[in-house]
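Sequence order for the protein chains is V and B. Read left to right, the first sequence gives residues -10 to 254 (this note's numbering). Read left to right, the second sequence gives residues 1244 to 1517 (this note's numbering).
Don't take every hint at face value.
[Unchecked claim] For the chain V half of the interface with chain B, some residues (derived, Cβ under 7 Å), not all of them:
| hint | residue |
| --- | --- |
| 1 | Q120 |
| 2 | R125 |
| 3 | L127 |
| 4 | T129 |
Keep in mind the hints are simulated off the structure, nothing from the lab. Given the structure is predicted, the values throughout are model-derived calculations rather than measurements. From the three backbone atoms N, C-alpha and C, an ideal C-beta is built for every residue, glycine too.
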Amino acid sequence: MVASEFGDPPNLLDLLKEPILAVQEFFLLSGRALRNIFRTPHYGDDIILQMDGIGVGSMQIVALTGFFSGAVMALQMSRALASYGQVGRTGTIVSLTLVRELGPVLTALMVAGRNASGIASELGSMKVTEQIDAMRALGTDPIQKLVTPRVIATSFMLPLLTVIADFVGLIGGWLIAVFFLFIPSKQYWTTAWRALEWNDVAQGLLKPLIFALVISLVGCYYGLRTTGGTQGVGRSTTQAVVSATVLVFIFDLMITKIWVAQGVS
Amino acid sequence: MAAPSAPAILQFVGVTVKFEEMDVLSDLSFVAYEGESRVIFGAAGSGKTVLLKTALGLIKPDAGKVYAFGKDLTLMTERELFEVRSRMGMLFQESALFDSLTIEENVAYPLLNQKSIQCPKAEVLPRVTEALEFVELGQTLEKYPSELSGGMRRRAAIARAVVTGPPLVLYDSPTAGLDPITAHTIIALLIKERDISHTTAVIVTHRYQDGNLVANFRYNSKQGTLEPVRHGERQTARTTFMVLKEGRLVFEGDQDRLESSTDPYICKFVKQRE
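Isolated chain B, as found in the complex (with noise of 0.2 Å):
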């Protein structure tokens, strides 16, 4: 768990969505603090996608709180929600990419159309190209996101919604649909971004292995590769791991607590390991 000490990022107090008088989230309540990788694991339709639009200001809920870096963004009007949007950087499921525009032009689109961002004109293809590269996608400035593979596209998705360098990141099952080894590329680069940027990362997935790797693995600079968390390191990695089950929160704590429980809808998500 996340040492209680650090600010809090994101708070939800009791977070009602209805969709047609049907609860999608059900009086959901936990706080992300600052540096902390929040796994949050359900079954389809359980709510996880409208968690995270709701933590960033596209969905307003029926009822409760939602306050990210402190401030209540149930009050906020929508040009008010730019400015907190713009300390939050998320990756859609299906990317999201302009279809219109090139990959530069996707990266570079917070850069210049946030306005809080005020990022010099000069500096944009630098910084975008530096984004590109933490994704390893140097190459595919001019390329359209139609003529990218799935798994590039996500990568360079990955790369717009860090281009800005946010405190604050929101995945939305940036594994789903790839095969396992471009997964596993994409995990690695959420965690590399974790641990170089230093983010708050909250990653909404249905694949244990993803949570897994979050937990127990962090980023070697010098190497440029992942290595295991030393044993008994795995509290200080601060993963906290939820889930969700028809929009009501049915778990909140650490691996260990997790891993051991008896619960059978939380046993599916543990037992894909095996």
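Chain V with its partners taken away, still in its complex shape (with noise of 0.2 Å):
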């Protein structure tokens, strides 16, 4: 018979046994790391040290992100704007843009490929070389150790770093609509300021948190399911940044869906 020769097909409930069991085992570690927030003992000098280098250590890399996303915004906007004769709002369209969307997502995406990965990285070889196995048995619970304060620390810096995307992105579009657009700096200033409402500053600082929970908790997740040598830290490292990227995207949406929906957008 032709299914004995190439053997049975595969029940599909096996092929989802794996991706329902990584899904259970995320929100296992997710509840416990969140759990562990009200916890003791809490390891205050961790969270200092992750937010020195997810907060800090990114800065440079966000600033120059918002930077020139402000002013590639302020350029592409001022050639739509001028069709209707409205150049001098591009102030509006920028802070607009870069609140609500751009300096959330960028942030998180820049946040996601150095932190998701260098967390995964860290974890991975923690794990390989059974030092999570070491903590375990010195009576240190790994989670509460190693993911509860990069949560903390993710979820405080990424906001902080999102502020300031938006801010140097605006300055950014103020020296192209300065400088090229030949639009005064007051009236950009003016616009720009105008055209936010706490809405959109409530949405944008909504998103980078949970972004935030999810970068964490993905190269957590990752790191501490690490297998394989150091062949797997690579592996866990890609899945990491993959995953919080896909999830950042997924994320976003379904908040401004959500933001649409109740009418407030």
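Using the hints, put the two standalone chains together into the complex.
As structure tokens, then:
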């Protein structure tokens, strides 16, 4: 028989078992990491160390990204606005797109590329060299010691980095507006400021908070499930960056959709 | 064999551990008594490391019971296990020193993080120094693990394992990947720790020489060297040998029985000495 020649066809449930198990493990890890925020012991030093690595360490790349995206946005939008004779409203477009969308998403992508990979490779290396087992053997919960500080640090620093990216992006847009579009400074800043409502600021801060949870937890999850030596560390790092990046876009769409559906956008 | 009158420190009862439906440990039962040295031989992949990690509660068995100090580890939560683990020391195969911490911080780690130890902060440094001097690494406090050789890392890991004075110490392939001289130094340290602190030791290895040293030598604290156990005293040295094959226990007994075994698999380990 054909079926026996090529073996039994795979059961659909067997195919689904692995991804479902992975999702379950991810949610279990997330639950434990978040629960540990309210449980002792607290590793304050580790939180500060991670804040420095994730926040201060990402400042340059986030500022650069923000600056160029603001400048490009001003140039691109000025062409579209010129057809309506509204070049003077460049500041409005730049501030709205940066605060609502580009600032949070681009900052999250930069941090995902830089830190989800860093977290996954660091924890992955610890896993394959039995340091995670040693930690458990020596009386420390690895989730409490390694995951929770990274989640807290990323959740605190990503919104701050987003604010910096937004501000530097507005400066990028301002330079283009003043030197290439010949818009007076006062007009640019006034239109940029007046365009923003509290809803935009709230959306612009909620998104990075959600993205921070996603990036840190995905990085930790892939790091802690690393197997297969140094090759496995490389694989976990790649998977962490890809998954975190895709999830950032998915959550961005979901949050924006909820915001729009609420009629507050 | 150990005297059954001594209290059981570690007991496996019908323990089975599966990884992806494959038995890594299969219906394993044994008892390690207080003061006993238990040497476990086995080829790569025979389940030696899994056995030690199961003994430490790092891996939950799929079937059977694991008792340490009379407590059933299989029923404990991770937090409850911390108390039991504080009474065990473990030397991991690749040392597993935390590479972001100095040797001093590594050795101090169990003193500072194991709640049930409750070591006063003022006593941490003296105890760390004492443990590092025990393994003859007194000058390495400020160094990082990456600055040490493989043998030195192994010795630092032994210091970390014994700094709290645990009554049970588990050694996972302590001599793996080391040259014969360094391997001898490491085994000498194990014997020194066993004989000075009177600990129960479970030693996983694939080298017969290691087991032979553990069974037939003792530490002379006056001279600071190893000396052979006098003829006829081997029984009192209380060393039991176990051989694992594909997760199953295929031999348990003393050195004489091990050496007289005709099983081809067991003979492979014993013949290493020739």
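Hint check results:
no.: 1; hint: Q120; in the structure: holds (5 Å)
no.: 2; hint: R125; in the structure: holds (6 Å)
no.: 3; hint: L127; in the structure: holds (5 Å)
no.: 4; hint: T129; in the structure: holds (5 Å)
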